[in-house]
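Trainee: This is what each chain is made of:
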Amino acid sequence: MSDVLLRNITKRFGTTTAVDHLSLDIADGEFVVLLGPTGAGKTTTLRLVAGLERPDEGEVFIGGERVSQLEPAARDVAFVFQQYSLYPHLSVHENLAFPLKSPVRRLAAAEIDARVKRVAEMLRIQHKLNNKSTQLSGGEMQRVAIGRALVRQPSIYLMDEPLSSLDAKLRGELRLELKRIQQELGATILYVTHDQIEAMTMANRIGVIDGGKLLQIGTPREMFEDPNSAYVAQRLGQPQINLLPAGALPNGRIPDGAVTVGARTEHLDLSKSGSGEGEVEWVEHLGDQIRLHVKLGPHMVTTLVDPDSELVAGDRVAMRLKNPLYFDANGARLRS
Amino acid sequence: MAEIRVENLKKAFGDFVAVKESSFTIPDGSFFCLLGPSGCGKTTTLRMIAGLELPTSGKIFLGGEDVAFKRASERDIAFVFQLFALYPHMNVRRNIGFPLLCQGVPGAEIRKRVEETAKLLRIDHLLDKSVSGLAGGDRQRVALGRAIVRRPLAFLMDEPLGTLDTEFRDLMCEELRQLHNRISATTVYVTHDQLEAMSMADHIAVMNHGVVEQLASPRDIYDRPATVFVASFIGSPAMNLLTVNSRIAKGAKAIDLQGAPIAIPEAREDAPGEKLTLGVRPEHVRFSDSSPFRGEVFGTEYLGTTQIVTVATAQGHLKARLPSQIAVRTGETVGLTLAGERLSLFDAASGRAIRTALYEERPHV
Amino acid sequence: MTAAITAHSVVEPSSASKRVAGAIVIVYALVSMIPLFWIFATGWKTPPDSISYPPKLVFAPSLEGYCNLFTTRTRQTPEYILGLGPPQTICDRITRQRDMVIAGPSNYAPRFINSLIIAFGSTFCAVVLGVLAAYGFSRFKVPLKDDLLFFILSTRMMPPIAVAIPIYLMYRQLGLSDTAMGMILLYTAVNVSLAVWLLKGFIDEIPKEYEEAAMIDGYTRLHAFFKVVLPQAATGIAATAIFCLIFAWNEYAFAVLLTSGAAQTAPPFIPTIIGEGGMDWPAVGAGTTLFLIPILVFTVLLRKHLLRGITFGAVRK
Ligand SMILES: Nc1ncnc2c1ncn2[C@@H]1O[C@H](COP(=O)(O)OP(=O)(O)OP(=O)(O)O)[C@@H](O)[C@H]1O
Ligand SMILES: Nc1ncnc2c1ncn2[C@@H]1O[C@H](COP(=O)(O)OP(=O)(O)OP(=O)(O)O)[C@@H](O)[C@H]1O
Ligand SMILES: [Mg+2]
Ligand SMILES: [Mg+2]
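Residue numbers (this note's numbering), protein chains in the order written: chain Y, 2 to 337; chain U, 13 to 377; chain D, 64 to 380.
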């Protein structure tokens, strides 16, 4: 295990700049999640670290060594692909053993077998070892794919949305499992996703990436409570942060230049009041959340309420802001 | 538009029974979700309704007519596949118009309906573009357009949003639901994503191993799960399930947990077994120093506005959803209270819910 | 009613249409089998039976065709034949009934072996070159890729026989005419364009993530090619090999032109089997029957691959 540094790397495909002067330090044993929408350059960043693409500019360092020009096999990284990862002509056991049989490793058969069994147990697929990899359910396939990375002990694990094709229950279980395995092994992981829950629950640090640029990086709490821009604030939090014109709700001091105010549930004080400025339009029961959609003049405000809240559609509510986030005309955060 | 009724529908592939004797009714104009884990038989059920798969036995009524053994082309339905099944060699207009062309609708009429449909989906500016250059969401809209342009009796959709990213999926969920509100076509929607189901459906059927475990409104599925499976499949994190060694009889209003009485909704029947499973949603767990029901904090997960705190108790791990402002240290001992009127009780042996006052309230529709 | 339903999918044809389709296939198969059956039967006839009119469908089978195929014979006087000892083999006896004795083996066996060497040799070369080239075209940025691919295909556009004369002259100059090496080179050159195009299609269908995963796991590209690409392309390789083999095995025109002795293949040899008073039809029938066997065996062995190969790529999953 060792730390990984990306220094100002850029990758262009024709006229699109997939990764744009991106710098990132990943400390040994750290779990870093890159969060961004489709086409943000997440996969390309991972491929640059793995050596499947060469950067047009910038350098990649693994464990202090410059590896930008090295072949993937020489870099000591493991990769879990977004799709297509299992070899259809091999069994589950052979798939898991495949990385260990490579010419650069050449482990003894007994050692390979032991490691495969250990990883299969860790991922609870030991009873499927003799299946063809095409005879698995989606969730099992994905676990084998993760297992193929875990049989090795590389400098860094690169994971490209490994859980995106699974159902919520399995995703939740594997999320916990992956976090536990990472802590157990002290592994360094660079993980890519567009699912903010995955990012929030697993990461030591989250990097929000868009248009190939790293917009902000920090611990989940920093990113959520102290975003640098309206964009980052919108990426995190369910329901999405409410962005309103700065003066839409009464509040004390508005910083100079503030154009937008961002308010999440914790920035809003709601009280039932016949003369309140908002009107509850509907109460949405989403199971684990109850969302209140409040009509505020021309705007809609969405906020969470307690299960025991008595508000119903048609109620008028008074709303007060508590330390909301202010953004200027360009969406940059204004701190007072 | 039509009602879809399924009676004793069964499907076996050789020895493997993918769908076991299911019956349910999808009311005219409702948005119906089939929800369940991977491999539970959702797609198979849908394909039988569509006529792409013949049932082993059973009946399917579409608008009162038994169509179980009719070909897909003889049923007036539209199917949206899991993947973007668009014709790559045709532009958007021709893709949307294709089903009408197959039915021999005259050209001018096709043009009119394609344009109406495109407006409905807000893709009218893309009509003459090639589908291969489209962004994922627009492709999905074109696929939807191809389904709605025919105005069929029913829409069948198999994870149409499965390949989109979360943010976009939320957007499309809203759009789909609004579309449904506008045209009120009977829709059967297959998904394994509970958020999709919860936010769109009028009725949800939760399936497991080829069996419909519960069919109810999203709120009832969440608040009154009929089986342990439903309780553990819905919610993220799912309902906490604690094993309790205690019998309850009709009229009981509390059970004994670590010597502390826990209030429950009044039982309306005797529990058949010795062991019970107590189900409690993470948001119905609160910390209270005075409570005799105690546990040790095992870990916390930060989710932004809320956090999930896992507490190790004598009955097993219990997750609580608490506001993030509450400071919790791992290892500290805390007292827990459960919102008594919201608890579910299951017979541990069969997994079935025990009828209580909560379950007998007038269910939300 | 429900018990009668066995089809899983409505996309699957009904049992009535299956029966009709089956009947059509059987009729077609029978019609196309008639010439083959006739050749097979002729091999077991005596020369008089083989040319009798009306043609005989029922006849006493005879080994004469096979004997004549593998031997050369000379006519002798009945006295001389009686003076020989008792016949050593069945062929001896059959030959003597026609007042002839076996003079020695015929050229059929060596010609047949030539065919095997040349056809399998050129198929092997064409497939190996084809896989490598197809992989290159599929995975690397090759300058002028499309033009090169078109050029490779264009070698197939004119009938090969159009270039027969230049090739004949060239081979004579190079000393390649009537050599197995020359024929292997020629058939490889003709087949490789087909192989490249077919195999490129198959290899394009194999996602490149498979090799990338292997390369990250510590394999070189070559290793990844052998361990990951080849097994998955097996279907395509089998289909390609059969197409190449069928061409090389049956090729007649070049074989007539470029081979006459040492490297002659079976196709030009078989029609030259002359008996007394014209063609020896039973021997031709026997030679042709034997000639069909290798390709039959090869096709049957690869049948599963072949079927999947032909439908591969037609449907995207
Ligand atoms: N090999 C390539 N050739 C051309 N353009 C490419 C290539 N790979 C990626 N791109 C482009 O680079 C940009 C970033 O792509 P990338 O695959 O990194 O996105 P991503 O963040 O992984 O998205 P997703 O969430 O959809 O997987 C996109 O605009 C994409 O079209
Ligand atoms: N043609 C088939 N032959 C044999 N088994 C099949 C066939 N089609 C489906 N199955 C099996 O039937 C079961 C149900 O499959 P189905 O496709 O309905 O699942 P699903 O609920 O749609 O799952 P997912 O969420 O993964 O799409 C699975 O166990 C599957 O392996
Ligand atoms: Mg990607
Ligand atoms: Mg499915």
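Honestly, the hints are just simulated from the structure, not real lab data. Take these hints with a grain of salt, some might be off.
Said to hold, decoys possible - Derived lysine-lysine pairs resembling BS3-like cross-links, with alpha carbons at most 30 Å apart:
| no. | chain 1 | residue 1 | chain 2 | residue 2 |
| --- | --- | --- | --- | --- |
| 1 | D | K204 | Y | K214 |
| 2 | D | K367 | U | K141 |
| 3 | Y | K214 | D | K271 |
| 4 | D | K271 | D | K367 |
| 5 | U | K82 | U | K71 |
| 6 | U | K71 | U | K32 |
| 7 | D | K208 | U | K82 |
| 8 | U | K131 | Y | K296 |
| 9 | D | K81 | U | K22 |
| 10 | D | K271 | Y | K102 |
| 11 | U | K141 | D | K204 |
| 12 | Y | K133 | D | K204 |
| 13 | U | K71 | D | K208 |
| 14 | Y | K118 | D | K367 |
| 15 | Y | K133 | D | K290 |
Just so you know, these numbers come straight off a predicted model, no measurement behind them.
Trainee: Provide an ascending list of the numbers of those earlier hints which the structure does not satisfy.
Mentor: Checked against the structure, the hints that fail are numbers 2, 7, 12, 13, 14, while the rest are satisfied.
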